[in-house]
Amino acid sequence: MTLTCITNGILQDPANDIDGEVRNVWIEDGRVVNAPTDPGRRADKTIDATGMVVMPGGVDMHCHIAGPKVNVARKMMPDDKRTAEPVRRTALTRSGTTGSVPSTFATGYLYAGLGYTTAFDAAIPPLLARHAHEELEDTPIIDKGFYVLMGNNHYLMKQLQENEPERLKSYVGWLLNSTKGFTAKLVNPGGVEVWKSSGGNATSLDSTIDHFDITPRQIINGVATAVDELGLPHPVHIHANNLGVPGNYNTTLDTMNALEGHRGHITHIQFHSYGGDPDDQSTFCSKVPDLVEYVESHPNITVDVGQVMFGNTTSMTGDGPLGYFLHKVMGRKWFSGDTEMETGCGIVPITYKNKSLVHAIQWAIGLEWYLLMQDPWRIAMSTDHPNGSSFRAYPEIIALLMSRDRRREMLARVPGGLKERTTLADLDREYTLNEIAIITRASPARMLGLKNKGHLGIGADADVTIYQPNEDYQRMFELPRYVIRRGEIVVEDGEIRSNAEGRLLHVAPKYDDGAIDNIREWFEKNYTIQFRNYPVDENTLHEREVIGS
Amino acid sequence: MSIAEQPPTTETPELKIVKDATCTFCGCVCDDMELTVEDNHITKAKNACVLGKAWFFNHHIEDRPEATIDGQPVTYEAAFDKAAEILFNSKNPLTYGMSDSTSEAQRVAVAITDWIGGNLDTTTSVCHGPSGMAFQGVGEVTCSLGEIKNRADFLIFWGGNPAESHPRHFTRYSLMPKGEFIPKGRKGRTAVLIDVRKTKSAKAANEFLQIKPRSDFELAWAMRALAKGLKIDPKIEEKTGISLETLTDLMDRMKKAKFGVILFGMGLTMTRGKHINTEAVLSLARDMNRHTRWNARALRGHGNVSGADNVVTWSTGYPFGVNLGRGYPRFNPGEFTSSDVLAREEADAALIIASDPMSNFSQPAREHLAKIPSVVLDPKLSDTARTATVAFTTATYGINTPGTVYRMDDVPIPLRPAFESPYKSDYEILKEIERRIRAKQLGV
Chain A
1 MTLTCITNGI LQDPANDIDG EVRNVWIEDG RVVNAPTDPG RRADKTIDAT GMVVMPGGVD
61 MHCHIAGPKV NVARKMMPDD KRTAEPVRRT ALTRSGTTGS VPSTFATGYL YAGLGYTTAF
121 DAAIPPLLAR HAHEELEDTP IIDKGFYVLM GNNHYLMKQL QENEPERLKS YVGWLLNSTK
181 GFTAKLVNPG GVEVWKSSGG NATSLDSTID HFDITPRQII NGVATAVDEL GLPHPVHIHA
241 NNLGVPGNYN TTLDTMNALE GHRGHITHIQ FHSYGGDPDD QSTFCSKVPD LVEYVESHPN
301 ITVDVGQVMF GNTTSMTGDG PLGYFLHKVM GRKWFSGDTE METGCGIVPI TYKNKSLVHA
361 IQWAIGLEWY LLMQDPWRIA MSTDHPNGSS FRAYPEIIAL LMSRDRRREM LARVPGGLKE
421 RTTLADLDRE YTLNEIAIIT RASPARMLGL KNKGHLGIGA DADVTIYQPN EDYQRMFELP
481 RYVIRRGEIV VEDGEIRSNA EGRLLHVAPK YDDGAIDNIR EWFEKNYTIQ FRNYPVDENT
541 LHEREVIGS
Chain B
550 MSIAEQPPTT ETPELKIVKD ATCTFCGCVC DDMELTVEDN HITKAKNACV LGKAWFFNHH
610 IEDRPEATID GQPVTYEAAF DKAAEILFNS KNPLTYGMSD STSEAQRVAV AITDWIGGNL
670 DTTTSVCHGP SGMAFQGVGE VTCSLGEIKN RADFLIFWGG NPAESHPRHF TRYSLMPKGE
730 FIPKGRKGRT AVLIDVRKTK SAKAANEFLQ IKPRSDFELA WAMRALAKGL KIDPKIEEKT
790 GISLETLTDL MDRMKKAKFG VILFGMGLTM TRGKHINTEA VLSLARDMNR HTRWNARALR
850 GHGNVSGADN VVTWSTGYPF GVNLGRGYPR FNPGEFTSSD VLAREEADAA LIIASDPMSN
910 FSQPAREHLA KIPSVVLDPK LSDTARTATV AFTTATYGIN TPGTVYRMDD VPIPLRPAFE
970 SPYKSDYEIL KEIERRIRAK QLGV
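These protein sequence lines map, in sequence, to chains A and B.
Just so you know, this note's numbering puts 37 at position 37 of the first sequence, and the rest follows in order with no gaps.
With the second sequence counted from 1, adding 549 to any position gets you this note's numbering.
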């Protein structure tokens, strides 16, 4: 086995309490190992990191990079790619297109180019899981997985209606095994079913869901309970009701309360932190301080941000009624796709403008979340790619967090009304490199229950990013000197050096298979494919790893 | 944990039953076939429609060479070498077809085209390509076929004849089945057929609106106006053949429906107006959501044409008509679409996978294709295979080979092959060609 040593780097490994110490990192067989005890044993390969910052590879816990919805967005928007710099074919690597929704090969190379080595797609309909797996296999270098949409699933809602929590739990287990997914995802629980059946929405956690006579509150609580009882490494991943609606912070508080102490991850919380009157846009404002107080005092809850940045992007969501709402607001082309028994989908191109007070408040609310949360271990960086912005904006966001001067420059270019509606202008905090390492690697890995990711302790996956320090933090994080995945150099000075496949990460919880007959009976009555053709055959998957609890 | 497994086959020496097999003949991709296989022949295809039966019964193993070069039988190995040489040496090659192949094979075809910098196109460019362009213009409000089965109480079939082109669409997905919220099945649904001629589908519908040829756009646009409550000139009848009274009544009922769907065929996409017709119909379905739920869906033809659209899109960002000659993908229907690249005599080699352009392209395109070196993969000796420089006999997808196929609503479905073929699959052949091209490129 090749023994590699990254020498003399300035190590930022917060999970192992290492903050800026000069250390060597030894790698063998794709993992971090102890320095050899035999003094005669020398490294076969040395990477000189003298003066450079060494971190674990980045982990994106919430993005939309593969599967049916992402691909429809690619298909719908040649305009998005027309002037975007393409990814050129090299002797070793495939070509692709970029824009807000890059093609699969481009996605893998672009993530690796930023020093990210793991990413999770946040919303896959179970019926279409096979499609997501095919795309993930064509997304090179990074390790990856996806969350399975369950918040508007008919079988699940039927079990809540009939008060059958055991069956519900078995179904969640069966569905994750069938799809080879990572956890249960709720998107506008119940509300999407209302949209599918009548064109409406669920506006509160106690709205009644058509045909099922249950409420969003019951869905949240029921699935959170099931996920905890199944012992999944990552809790239920929640896109709360009323996304984007002024005054929705109350719904967000309600959602967190509905967990009743169960673990829950509230995703792209920026979009759920709004005060004001839904019918009066001039009252739109931030409610981040109230929500931060709640999250910090409830250790069962973690969040990622969903930062908005100014520019063109694409809104894509399993939240069908939200897609319709955005189409009406923007007047731009709109895709809506409803999947039988399971979920909906909405896609609309969107432009966030710094001249718009509403957009500027959204931008500021994201930054408030990072700056007001005192405990960086409970918050992860995300743009909800591509919803708030592309994942390619991470270096710019890092620079904004590390430099209050840089924030002030941007604040000078947004409408003045922002100052009364958010606290951003008053926040002096500047992130340290160690805190950046937490919110971009260590905390998302910990929230996901990935024991071998997000740190560089003995036994960790040897996913390492090495940065050349630069006063311009954006520049520093845009162009890592080296990116290493499982011990192999995959990026060197911006050049992709690998076309490696990357690994699928999924769970395989145990469940009561006595429940299958009941699922099967329901399935055969309602679906348009055969029950036996529904589960993804593991023999068709590429290299994979089962993540335990 | 094995998931609800049952033995996939019941084998006796001479008789085999394959359950839950998938028919890949049309875009319905029905996966409830029960195939009886005797001595490498499918002798029964339970649940198959008339087209499906023809598909299963006609794809038996023929006694043909595994490959030919200039019509002379050769081994696969010799054919792989020659195919790789042709494609590697070409300056502006064309890859075409793919819609009757698995997505696994499609991915390799795309990889080859990327490595050699060719044109990448599928049969979409000659069927629902205009629907793809309309989609890029206005988007689409759509749903899976099961949503139609479970919710649709109002169906409009427009410019399509599913009774003959997709025989099980009515019974399995749209018109007849009892669904979750349509407990009465056919009685719970209203069906309207809009077409220029009275096809066999008319009998199945409640109403048939015979429109004048080349007036689909005007009809859809008038309906959009009615949906918005605008006044329409009664002269619409002279243009379309449908009276304003009939249209107004139709629109009233469309607004009262709970869940409507417009299912459209090539009568829209391949007649005057092409993508503009589809844009009008997609816009109509979208606009109707101001009143109640409405969706639109194309009736796609080939078994895995939706897969081809998906694979080409995720790999390049564009669905068809892609050129990789500059080292990155560019999209321009009319410029990089196959019939155009051939008719302008621009392609200098071709890789044709499971399709037969020599039987349906324009004469200038066919003449040029016959002149240039070509590599053709087909289970049958098609017209295109006859003119190929290198022709591979292939196993038939779904009958002999496993893999994945995307239904017309983009639902991916696995294949359960009925029996083994002595011939290789598209996937295996393309992999060998790719391996040889890469070896030449990397000098190994």
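These aren't lab readings, by the way, just hints derived from the structure by calculation.
These figures come from a predicted structure and were not determined experimentally.
Mixed in with the good hints, there may be bad ones.
[Unchecked claim] Label pairs and their in silico Cβ distance ranges:
{"#": "1", "chain 1": "B", "residue 1": "Asp932", "chain 2": "A", "residue 2": "Glu524", "range": "20 to 28 Å"}
{"#": "2", "chain 1": "A", "residue 1": "Gly457", "chain 2": "B", "residue 2": "Gly992", "range": "21 to 29 Å"}
{"#": "3", "chain 1": "B", "residue 1": "Glu634", "chain 2": "A", "residue 2": "Pro39", "range": "33 to 41 Å"}
{"#": "4", "chain 1": "A", "residue 1": "Arg520", "chain 2": "B", "residue 2": "Arg984", "range": "37 to 45 Å"}
{"#": "5", "chain 1": "A", "residue 1": "Arg520", "chain 2": "B", "residue 2": "Gly790", "range": "26 to 34 Å"}
{"#": "6", "chain 1": "A", "residue 1": "Arg42", "chain 2": "B", "residue 2": "Arg984", "range": "34 to 42 Å"}
Beta carbons are placed, not taken as given, at the ideal position from N, Cα and C, and that holds for glycine.
Structure versus earlier hints - violations, ascending order: 1, 2, 3, 5
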